[in-house]
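A.B. asks: These are the residues of each chain, in order.
Protein chains: 2
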Amino acid sequence: MKFQAPRGTRDFYPKQMAWRNHLIDAWRRVSIRNGFEQVDGPIFESLDLYKVKSGEGIVGELFHFEDRGERQLAIRPEFTPTLARMVAAQASSLPKPIKWFCTPNLCRAERPQRGRLREFFQWNIDLLGSDSPVADAECIFVAVDLMRDLGLDSQTIKVRISHRETVRHILSKFGVADDMMLRAFELLDRRDKIEPERFVELAAELGLDPNQVERFDQACRYKYPIGRLDQLREHTGIGDQLGDLESLDAHLTDFGIADWCEYDLGIVRGLAYYTGTVFEVHEVSGAERALAGGGRYDRLIKLFGGPDTPAVGFGMGDTVLSNVLVDRGALPEDTLPKPDVFVLAGGDDAARRLPSIVADLRQRGVHARFSYRPTRNLGKLLKEAAASQARYAAIINGDTSNTVALKDLASGEQADVPIDELSSRVLQ
Amino acid sequence: MKFQAPRGTRDFYPKQMAWRNHLIDAWRRVSIRNGFEQVDGPIFESLDLYKVKSGEGIVGELFHFEDRGERQLAIRPEFTPTLARMVAAQASSLPKPIKWFCTPNLCRAERPQRGRLREFFQWNIDLLGSDSPVADAECIFVAVDLMRDLGLDSQTIKVRISHRETVRHILSKFGVADDMMLRAFELLDRRDKIEPERFVELAAELGLDPNQVERFDQACRYKYPIGRLDQLREHTGIGDQLGDLESLDAHLTDFGIADWCEYDLGIVRGLAYYTGTVFEVHEVSGAERALAGGGRYDRLIKLFGGPDTPAVGFGMGDTVLSNVLVDRGALPEDTLPKPDVFVLAGGDDAARRLPSIVADLRQRGVHARFSYRPTRNLGKLLKEAAASQARYAAIINGDTSNTVALKDLASGEQADVPIDELSSRVLQ
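Line by line, the protein sequences give chains A and B.
For what it's worth, this note's numbering labels the leading residue of the first sequence as 1, then goes sequentially.
For what it's worth, this note's numbering labels the leading residue of the second sequence as 1, then goes sequentially.
Just so you know, not all the hints are guaranteed correct.
Treat identical chains as interchangeable: a pair holds within one or across any two.
[Claimed, not checked] DSSO-like cross-link-like pairs, simulated, lysine-lysine; straight-line CA separation at most 27 Å: (1) Lys2 / Lys51; (2) Lys158 / Lys223; (3) Lys53 / Lys193.
No wet-lab data here; the hints were simulated from the structure.
Turn these sequences into a full structure, and let the hints guide you.
C.D. replies: Okay, structure coming up:
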């Protein structure tokens, strides 16, 4: 009987696992130096938890099941509802601001395609308890810090930023009535998926004349550099109603990431949930889905029974990130841990001393290997040592002498080393 | 609306997560130095995969569901079937021996109790492609290496070892017929759960007379030290049919872990699956469930469609391990990463320079934090720095000078440091 991994999931053999660790270690390292603390929650939650945030419609996208107590449960498709539940439960005792990160595996019951799998890993960065745009800017900085850490640059990657309130003001200036605002955002969100003629028709239904439709369309497609809010003002006629965007603009410059960012009023990130800044991280060619997406969600903690808590954050999946790194040649070829030393014995007397020498090395933190084959042929054993990509081979003497022959497998140099100095020599 | 974590699952707030990382980092570190490579598989598998190894009876212990393509799937309750599937799929191309480890989250639909949760983490160590007892001894060494790494000792922890074939020979000597052997193992496995009188009755049904029942019972309860197979021989009358146990005994001594181990013929580990050595890691007081369990399973890879592949390994969960470490005071109180430096500004000019200084420090790998409060009161800010448990506070000058005041928050010492030396000073 032969089995395969389920559709849309992955087997991580050592090489693939080393790549995954390379990404997740970077997520962890960057999170910690930016002052975020790691959290996690259960792999499954009550189905209702996801309905509260996303409505009944979410159920079709989930792997859900019933336990023996007839509780309706679902494998987590995202971390945010768990985070909101955890914050709401301990809101009064958690010191503010709350800066949390996690790297959970998530599952979605969707059709697998490039950049979308049924199981994937997602980095979550969330900063709760501050309504200052400095928090928005810091979250964006963290995303940029990760990109730079992994060897990407501002020519390849752009963070595209918009702001719900600013766009609302612009749409209002264009003549969209308050009761049409939701439909206008919906149109903005879908504009790349519909024909230009249909766009004009739908925009006209919002009460816009052809000139306003043109300006609406243009304002959505144009990208404004950081530090050039004057251009955005001029194109949209928004005047001084830029709100938090003005302060965010200064902070992005102060954090030194202006060249990684641009304003893109076409960034919507769905219709509910976000309340202020929204942003997506994109590879500039446009060949891939967004690498990350996030924004400000000031009403969510209250929705989950907690106190009013301003919040901003983002999620970054491992699949698109991997694709971009592979395409850009920025993922190291081989990140598998290599042995420090391969210990070998050319005779039976030496072989009996081998386990205790290996055991001692490992207890001292040395990555030490040996052969499982019964051969005592030194040439064959040295070949096996080289194949293991060990840095050194340590050849045990058959007598009771206190030295071993330590051979540097790259240079071929060999020297006798006292056994009690072996670990420190190998770890140098 | 208020939600809780589902029954039998855990929320990992930063402190709990730091503990979890402490354990999983130790698993990873010890695995790598013992020459094992990390792997992983999907969080869910086809339900049939689990039935192949464990029969229909397993279904009730699983969280299972159907996807939209009507595939029957289940959240993984253990990693071994995934490992067997992965090895079987690539058996011809994988270099031997295969030494794999992983640290997956697993889920079982059982009643939560001390040491048993519905979601937990499990360290898996597997060595495939060697039928030598040195492989069995090395796996046991890895378990011991982990225990020692986490601060436990051989007074607290014992690896209890048995061997299926040896026990079969002993039972045969006692007069158990071949066709009663399965029932004899079953009785051995359940002996702690049944009354002594009932044990005698059931043993008699196997064809043993009262004297043989007594010897059977005694041999199961006695613990034999490593290096004292002569005692085991004498008690059981097994003579020279000890098989691999003789060689294993020598290897355990050679690896220097004889005092961590003992033979316990009462260790069974279920009725199917294992074919040779079986072992469990126990805390000696007996207050906890087994910390780990494993053994040799030479027939499993073939069962999953692969070639005949000898294999030995074990699994260690995080819940019992945590309980033992907490009870023994061996788990560090606080493993949360602490900030290297808290950067603060006592005036508006300094505050404008803060983000770029923080950004630069973080890019150089420094864990740097700052206050989100608008205050410029140095006293308050220094208090916040101390509360963050940062090692240093860096106080930015309001002028354009190239130095900051660096204060060691433990000693109170303060010195002016050039900004471009700040990261190296703080990381010293």
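A.B. asks: None of the hints should be skipped; say for each whether it holds.
C.D. replies: Evaluation of the provided hints:
1. Lys2 / Lys51: Between. Shortest inter-copy distance 13 Å satisfies the 27 Å Cα cut-off; intra-copy 38 Å does not.
2. Lys158 / Lys223: So Lys158 and Lys223 pass the 27 Å test inside one copy only (11 Å; across, 66 Å).
3. Lys53 / Lys193: within (25 Å within a copy, 48 Å between copies)
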